[in-house]
Amino acid sequence: MATDKELSDFLEHVERRAFKQAVYAVRKDEAALDIVQDAMIKLAEKYGDKPAAELPMLFQRILQTTILDYFRREKVRNTWVTLFSGLARQGSDEEDFDILASYEAEQGSSAAESSADQVERAQTLRVIENEVQKLPSRQREAFLMRYWQDMDVAETAEAMGCSEGSVKTHCSRATHTLAAALKAKGLRL
Amino acid sequence: MNTDDIDLAYKVRHLLNEQLDTLPDATTSRLAAARTAALARKKADAPARSHKPAGARTFFGLDVGALFSSTGLGRIAVAVPLFALVAGLAGVYHQEQKQHIADLAELDAAVLSDELPLTAYLDDGFNAYLASQKRAQ
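Which chain is which? The protein sequence lines are A and B, in order.
Position 7 of the first sequence, counting from 1, maps to 9 under the numbering used here, and the rest follow consecutively.
Position 69 of the second sequence, counting from 1, maps to 807 under the numbering used here, and the rest follow consecutively.
There's no promise every hint is true.
Unchecked claim - The list that follows gives simulated cross-link-like pairs (lysine to any residue, SDA-like), each with its CA atoms no further than 25 angstroms apart:
1) A/Lys77 x A/Gly163
2) A/Lys7 x B/Ala771
3) A/Lys7 x B/Val849
4) B/Lys836 x B/Thr857
5) A/Lys170 x B/Leu746
6) A/Lys187 x A/Asp152
Since the hints were made in silico from the structure, they are not lab data.
Take the sequences, apply the hints, and build the full model.
Now the structure itself:
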C-alpha cells in the first residue's frame, strides 16, 4: 500500500514527463495540464491504496484514458462548433497555439554551451519533438512509456491493453520512423 | 530492435529529459498544485473512512450516505427497519386476505341457510313484490 510520501514522490517524479506526453498527444499545454491533473486525482482517489510498484502502470493507463476522453469531448464540441463556423473563427488563434512555437525562446537559458551548440541542440530537440508528435498514437505511447517512463515491456503492454509483442513492434516502428526522420533532416544524435 | 535502435531511443530519451528542466514556472507550479490537489483526495488507507465524501447523499436533511456506509452498524441500522417494514406489509396483506375470505363465507352461509331458493332472487316479479311490500310498510 503506497504511503502519502510514496504517492507524492511518484507524482513529482512523473508529472513533467506526463505533461509533455499529454502535450505531444493533444498539442495544447492548457489542455495537457488539465489532463495531467485529472489523471493525478483519479490515481489518488481510486488507486491511492495500491502498492507503490503498481502506480506507474496504473498512472499511464489513467493518463491514456484521460487523453482519449479529451479527444472524445473535442470531437463532440467540434461537431457543434462546425455548425456555427462564425463562432469557431473567434477561437482559432488559441486553437492554433503550438507549444513548439513558444518553446524556441526558452532554449537560450543554458550558459555553458556556445550559441552555435545551443542553436543546434534546440533545432534537434524541435525536430525530435515534432517527429514524436507525428508518430501514430499507439507507437508514440509505446515508445514514451518504454523509453521515457522507464516501464518494462510487460508493464507497457498492461497499460496499453495489448500484447508484449505488439509493444515491441510499436517501439521498433517508432524508433525506425524517428531515425529516418532525423536522417532526412541531416541530424545525427 | 538492434543495438543502434536502442541507442537512438536512449539518446532521444536523454534529449527529451533535458527539456523537462526548462518548463515554464507557470507550468511547474500548476503541476505542483495538481499534485497537492491529488494528494488531498488520496484514497484512505484504513477501511473505515471518517471523512464525509464530497457528494454525500442527503434526504430531507438526513445523511443517507452515512446509513449506507460500509460499517457493520450502518448496515444493521438499515436492515432492521427494512425487515420490520416488509414483515408489517406481509402481515397486513395476510390479514386482509383472511378478512375477505371470512366475508365471502358469511355471505355464502347466509344465502345457503335462507328459506328462499337462490332462483327467487333472479325473478323480477319477486323483486317487484318485495319492493311493493316495503312501500306498504
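Problem set entry | Structure-inconsistent hints, enumerated in ascending order | 3, 4 and 6
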